[in-house]
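> One letter stands for each residue in the lines below.
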Amino acid sequence: MSGNNGKSAARFHRREVQQIMVKNARKAKIIDKIVSIFAIMCVILAVIPLTSILIEVIKNGIAAFNWDFLTGRPSAIGRAGGGVGPAIQGTLIVVGLATMIGAPIGILTGIYLSEFAGGGPFPNGVRFFNEVMTGLPSVVMGIVGYILIVINIGSFSVWAGAFSLSIIMIPIVSRVTEETLKIVPNSIREAGFALGIAKWKITLFITFKSAISGILTGVVLAIARIAGETAPLIMTILGTSLFFTGFNNPVDALPLRIWRLSSQPYESAQTQAWGAALLLILMVLALSVALRLLAQRRGFSVRAEI
Amino acid sequence: MEDILSAKEISSDTSETTRRIREEPRRRSKVSIKGVNAWFGSKQALKNINLEIEENTATAFMGPSGCGKTTLIRCLNRMHEMTPGAKAKGQVILDGIDIYDKSIDPVIIKRRIGMVFQKPNPFPTMSIFDNVAAGLKLNGIKDKKLIREIVEESLEGAGLWEEVKNELDKPGMGLSGGQQQRLCIARALAMQPEILLMDEPTSALDPLASSKIEELVHKLKKDLTIIIVTHNMQQAARVADRAAFMYLGEMIEYGFTKQIFQNPEQELTERFVSGKFG
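First to last, the protein sequences are chains A and B. Read in order, the letters of the first sequence correspond to residues 1 to 306 in my numbering. Read in order, the letters of the second sequence correspond to residues 1 to 278 in my numbering.
Hints listed in this document are in silico derivations from the structure and should not be mistaken for laboratory results. Treat the hints loosely; a few may be bogus.
[To be verified] One side only, chain B facing chain A, incomplete, derived with CB under 7 Å: (1) Arg111; (2) Pro124; (3) Thr125; (4) Phe129; (5) Leu138; (6) Lys142; (7) Leu146.
Computed from a predicted model, the values in this text were never measured in an experiment. The C-beta atom is built at its ideal place from N, Cα and C for all residues, glycine as well.
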């Protein structure tokens, strides 16, 4: 490899290249600084509204908290006192029921799409509709629940609310499930096949189990999303100041109660609205932390590289 | 270019080599591969492979990257066809039964043939014990005492028992790379296979861990038939009784390892084993 003056090829332009590199390195250092400062500023900009909302909700809402607020029924309009007991109960029932319907269907759809479907026109169609449904305004789901269930039963009901919320939940859960299962390395599935294990058992006991932590996170996100929905509930469960009286009857829910309370001109109602908002945030937070702890304790995890 | 030409010329007289080996005093044939062709989409990865593999021997498939050695081993337990777009044709006769016969369930045939992969792949959510027991449990064996015995035997067989006997309930992923690979061997052994396919089992391991795996091959072939894919010629020379040299999807030469390394019949083999290419 000897060229001019017997130097090897690597040495022809060594000095020249090194000089340019040194100059560029100085420039790169400055640009590095600018980019990282810019990134930190963006983070701060994103966190400011979030924390300010949180602080505001806590500051205004904490005053409403007392035993009566948590367990009592709403008082007559304009009167102080009373509570949001029926709304807490209603949210737990409606969201719980919606999760019981939506999460299994969503998870099974995700498993189908990731493990069994491949790329034919049908699975791609399902994926496409999933995406469309994720973007659909939630009020549309409320209308669907109203037409399909409220009109047929003849009453606003828990069923209609749970149905509408579960339809919002299904595409989110299905998508998270599919994406998480795709991260599970194929070598794990192959190891299962090499042992002569049936595919459904590999999917359930090996692949799905490896991905469960990610899937749980997705389910929690979906629950958080539907727990805060107001529009579809107006058209399905209507809201009431009574405790649960049956699945075919109206119930109350926290988002509805927040909306009702905050639209009243009385200060006591406004404070209760803040309190109910704080409560809703705390409930979602508790659920998220609980499921995360459960997943950690069981040691479930997906490893990107095996 | 030259290599491709010579590979084509040579392939016609591989039967000569195979015939010669047949005349040698030999053990019972365990697997016979007859006219196996395999494709990835429209690309042909294996071209008319014929091979007899004898019981209780270790056979090495060697060859440069992309020669089809991994594809061939994956054809032997019908794993190849599970890759989307891949297909295989021909006969692989295991104890007189063609595993490509229509009446054979490709899931069940894998229970008789163990496989160890290039990268250690223990089940990430399972403990050491459960990793070894997984094949038994998920194939419907419920007898706890039997499972416990087999797990111990298998870990013993894979040379891992002494290292892990006090931490069987710890996660399998917590072991070192070499231990993980031996765990994968134990997992395969637990199914009581007759054949163990090893696809470059040491390529992700350091030399010490590799030599432990090689020792295992020596020990295990007393009880089962081992087929090992390797691109490491020294390894093939150390562990294998028979060696096959493959090139561009064709079986160039197959014979006793000693003969392949010391006195190959084909020039291409000679050039490969002497390190001139590959």
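> Are the hints correct? Go through all of them and say.
Hints and how they fare:
1. Taken as an interface hint, arginine 111 of chain B checks out: its beta carbon lies about 3 Å from the nearest beta carbon of chain A, inside 7 Å.
2. For proline 124 of chain B, the shortest C-beta to C-beta distance to chain A is roughly 5 Å, which falls under 7 Å, so the interface hint holds.
3. Taken as an interface hint, threonine 125 of chain B checks out: its beta carbon lies about 5 Å from the nearest beta carbon of chain A, inside 7 Å.
4. The restraint placing phenylalanine 129 of chain B at the interface with chain A is violated, with a minimum CB-CB distance near 14 Å, outside the 7 Å limit.
5. The closest approach between the C-beta of leucine 138 of chain B and any C-beta of chain A is roughly 4 Å, which is under the 7 Å cut-off, so the hint is satisfied.
6. Because the beta carbon of lysine 142 of chain B sits about 14 Å from the nearest beta carbon in chain A, more than 7 Å, this interface hint is broken.
7. With a cut of 7 Å, the hint placing leucine 146 of chain B at the interface with chain A is violated, because the nearest CB-to-CB distance is about 17 Å.
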